[in-house]
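Please build the complex by placing chain B on the supplied structure of chain A, with the hints as guidance.
Here the protein sequences come in this chain order: A and B. The first sequence lines up with residues 1 to 327 when you count with this note's numbering. The second sequence lines up with residues 1 to 272 when you count with this note's numbering.
Rather than coming from a laboratory, the hints here were simulated on the basis of the structure. Some clues are possibly wrong.
In silico contact screen, one side only, chain B against chain A (beta carbon under 8 Å); selected entries [said to hold, decoys possible]:
| hint | residue |
| --- | --- |
| 1 | Arg111 |
| 2 | Gly130 |
| 3 | Ala137 |
| 4 | Gly141 |
Here are the simulated DSS-like cross-link-like pairs (lysine-lysine), alpha carbons at most 30 Å apart as the crow flies [as the list claims (entries may be wrong)]:
| hint | chain 1 | residue 1 | chain 2 | residue 2 |
| --- | --- | --- | --- | --- |
| 5 | A | Lys89 | B | Lys110 |
| 6 | B | Lys171 | A | Lys38 |
| 7 | A | Lys244 | A | Lys171 |
| 8 | B | Lys191 | B | Lys110 |
| 9 | B | Lys183 | B | Lys202 |
| 10 | B | Lys266 | B | Lys226 |
| 11 | A | Lys47 | B | Lys171 |
| 12 | B | Lys99 | B | Lys110 |
| 13 | B | Lys226 | B | Lys204 |
| 14 | A | Lys186 | A | Lys17 |
| 15 | A | Lys315 | A | Lys298 |
| 16 | B | Lys171 | B | Lys110 |
| 17 | A | Lys89 | B | Lys183 |
| 18 | A | Lys38 | A | Lys17 |
| 19 | A | Lys244 | A | Lys186 |
| 20 | A | Lys89 | B | Lys171 |
| 21 | B | Lys183 | B | Lys110 |
| 22 | B | Lys91 | B | Lys11 |
| 23 | A | Lys89 | A | Lys47 |
| 24 | A | Lys304 | A | Lys244 |
| 25 | B | Lys202 | A | Lys89 |
| 26 | A | Lys188 | A | Lys304 |
| 27 | A | Lys89 | B | Lys204 |
| 28 | A | Lys89 | B | Lys191 |
Glycine residues also receive a C-beta, built at the ideal position from the N, C-alpha and C atoms.
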Amino acid sequence: MTYDLRMGMATRDAYGKMLVEIGREDPNVVALDADLSKSTKTALFGKEFPGRFFNAGICEANMVSMAAGLASCGKIPFISSFSVFLMNKGFDQLRMCVAYPGNNVKVIVSHGGISIGEDGPSQQSIEDIALACSLPGFIVNVPADEVATRALVRAAHAHRGPVFMRVGRPKTPIVYDEGEPFEFGKGKTLITGDDLAIVTCGGLVAEAIRAADALERIHSLYATVIDMHTIKPLDIELLVSAAKRTRAVIVAEEALPDGGLCSAVARCLAEHCPTPIAFVALPDAYAESGTPAQLLEKYGLNSKGIEAAALRLAKRKASACREQPVA
Amino acid sequence: MIAAQKAQPEKLAEVAREIRRCVVRMIGEAGSGHPGGSLSIVELVTAMFFGGMRHDPTNPQWMDRDRFILSKGHGCPTLYAVLAEAGYISKESLMTLRKLGSPLQGHPDKRFLPILEASTGSLGQGLSIGIGMALAARLDGRPSLTYVLLGDGEIQEGQIWEAAAFAGHHKLDTLIAIVDYNKIQLDGFLKDILNMEPMAAKWKAFGWETREIDGHDFDQIFQAIKPVSGRPLAVIAHTIKGKGVSFMENNPEFHGVAPTRDELEKALAELA
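Pulled out of the complex, with its shape left as it was, chain A reads as follows (with noise of 0.2 Å):
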């Protein structure tokens, strides 16, 4: 299969004229920002609905707290700021308030990772998927392009609990055809190849695929790309059966290593499949200012650091073969 990988609007945008849609079909939905609404794109949301907008102003605690009472009585309140921002300030808030008693928020952060650039660091959102991994009962996922942030922001809408979704700044090439299904906790499978499994979410899944199609013209390797854009719950029956087939699997992600899909990814892993896993992931540092090209380049968050990371784990499974040759 191949894809041509179009450039489309940025998760942002498909999340911003979803949530008016949905709120066009559900009175019961309300909108909560925090002074990022234009950014997050709620705005499209407060314009129509300004009796239904809540901007809370730069009080992100505040924010998460009030949803929560808005949807004990009923509401479905969708909360949005810079992930960075909303996760860290709002981090207590969401575990008292939403995981803890199972309120019905959903937490849709934009600006993750580090491909919101210039801004630098302090913006920079690269702990949020651990952190919202953290909490129990929370549904963590990270849509690839704008079809899969449409299909999981209904997915979210219809889903009662707390779910929380991580869409991105930049513009984002288009993967999937639009009507393609979605449901939380099953994976999607895009390549099917047998020498290695990428798994992936987000930005990098456009990625992942420009990846497996230069391995397999340029070195005659043949990869498996999962988005996998459900992290929690993980699709394990998918990524268990992609493991068992390949062998070898890398997990990029644009955030920390700890916590998030490298964590989820490899704890299952251990304990189903036991597999050489490769992780393409930032360090455990904070980064710097620059376009987002230019940091995912630095940080090899991009088909070229993929690639890379799957010739060295090609290598890795050939020795490992060796050292053990299957009965």
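For chain B alone, coordinates are given in the frame of chain A:
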């Protein structure tokens, strides 16, 4: 039916005395808990459920009910005892406080006791939850009022002032905050640790109506909790930490320490 009609003050004084007996026995039985800040709020919580609020113990999920959030969650023995007195939970269950499997968790937990409006225990969040409830009522055109009982130490949390600014800005006149101003926090006296004076002026500056009362006087409480039009209301209730038990009154040592067997007997004798 709107249950728990306003009782006579002398009847309420007897209810309060019974609540105090329950509270010290519950905490004594549990071997841990927060007697000081539970005893300081007895009249405030009793007033809420016996005349202060519209609620119906036979229909706890009535959408038009007023909401009560115990933001200072560590005062929950008093809330549990009042809920039992009002008929929401059995009196027999009270002595299971803090025991494994009990609906009466160490801090209020909706999962175990769904009639609670909110799970609390991490200070500073109840006022924001209350705003959410007041906004929901406003959106739905329901008459519900939302009452939030705050600790005086609790309002040192920054989130309280985020919430105060929001409620003031949005003129949320269906929101009533009550500050249990007993002047003591875990480590000692507020005036020594982090003074929150001038208390009323702070709330006024955020756009709130304020009233200062004796938080152990039922008549003053009923007068003070009536909302005003056009702005949220903060009731600064001056109280005595450990109220009703001589050796606990104004004693920071009883913020979070259960009475011993001897102390329990002495306390019950004083409250007889």
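Results for each hint:
Interface hint at Arg111(B): satisfied, since its Cβ lies 7 Å from the closest Cβ of chain A, which is below the 8 Å cut-off. Taking 8 Å as the C-beta contact cut-off toward chain A, the hint placing Gly130(B) at the interface holds, the least distance being around 6 Å. Because the beta carbon of Ala137(B) sits about 7 Å from the nearest beta carbon in chain A, less than 8 Å, this interface hint is met. Using the Cβ-Cβ criterion of 8 Å, the hint placing Gly141(B) at the interface with chain A is not satisfied: the shortest such distance is roughly 12 Å.
Using a Cα cut-off of 30 Å, the hinted pair Lys89(A) and Lys110(B) holds, with the two alpha carbons roughly 24 Å apart. A hinted pair counts as satisfied when its Cα atoms are at most 30 Å apart, and Lys171(B) with Lys38(A) qualifies at roughly 25 Å. Under the criterion of a C-alpha separation no larger than 30 Å, the hint pairing Lys244(A) with Lys171(A) is inconsistent with the structure, at around 35 Å. Straight-line distance between C-alpha atoms of Lys191(B) and Lys110(B) comes to about 34 Å, which puts the hinted pair past the 30 Å bound.
Taking the CA atoms of Lys183(B) and Lys202(B), the gap is about 16 Å. The hint holds against a cut of 30 Å. Between Lys266(B) and Lys226(B), the direct Cα distance comes to roughly 38 Å. Violation of the 30 Å bound is thereby established for this hinted pair. Under the criterion of a C-alpha separation no larger than 30 Å, the hint pairing Lys47(A) with Lys171(B) is consistent with the structure, at around 21 Å. Distance restraint check for Lys99(B) and Lys110(B): the Cα-Cα separation of roughly 16 Å lies within the 30 Å cut-off, and the hinted pair is therefore satisfied.
For the hint pairing Lys226(B) with Lys204(B), the CA-to-CA distance comes to about 17 Å; that is within 30 Å, so the pair holds. Distance restraint check for Lys186(A) and Lys17(A): the Cα-Cα separation of roughly 24 Å lies within the 30 Å cut-off, and the hinted pair is therefore satisfied. With a C-alpha separation of about 23 Å, the suggested pair Lys315(A) and Lys298(A) falls inside the 30 Å cut-off, and the hint holds. Restraint check: the Cα-Cα separation between Lys171(B) and Lys110(B) comes to about 29 Å, which is no more than 30 Å; the hinted pair holds.
At roughly 29 Å between alpha-carbon atoms, Lys89(A) and Lys183(B) fall within 30 Å of each other, so this suggested pair holds. Distance check on the hinted pair: Lys38(A) and Lys17(A) sit about 12 Å apart at the alpha-carbon level, within 30 Å; holds. Of the supplied pair hints, the one linking Lys244(A) and Lys186(A) holds, its CA atoms being roughly 18 Å apart against a limit of 30 Å. For the hint linking Lys89(A) to Lys171(B), the alpha-carbon distance of about 25 Å falls within 30 Å, and the restraint holds.
For the given pair, Lys183(B) sits about 29 Å from Lys110(B) by alpha-carbon distance, which is consistent with the 30 Å threshold. Between Lys91(B) and Lys11(B) the alpha-carbon distance is near 19 Å, which keeps this suggested pair within the 30 Å criterion. Proposed proximity of Lys89(A) and Lys47(A) is supported: the alpha carbons are some 26 Å apart, at most 30 Å. Distance hint between Lys304(A) and Lys244(A) is fulfilled; the C-alpha atoms sit about 25 Å from each other, no more than 30 Å.
As the CA atoms of Lys202(B) and Lys89(A) are separated by approximately 24 Å, the hinted pair is consistent with the 30 Å bound. Proposed proximity of Lys188(A) and Lys304(A) is supported: the alpha carbons are some 22 Å apart, at most 30 Å. The hinted pair formed by Lys89(A) and Lys204(B) meets the criterion: a straight-line CA distance of about 27 Å does not exceed 30 Å. Annotation: proposed proximity of Lys89(A) to Lys191(B) holds, straight-line Cα distance about 28 Å (limit 30 Å).
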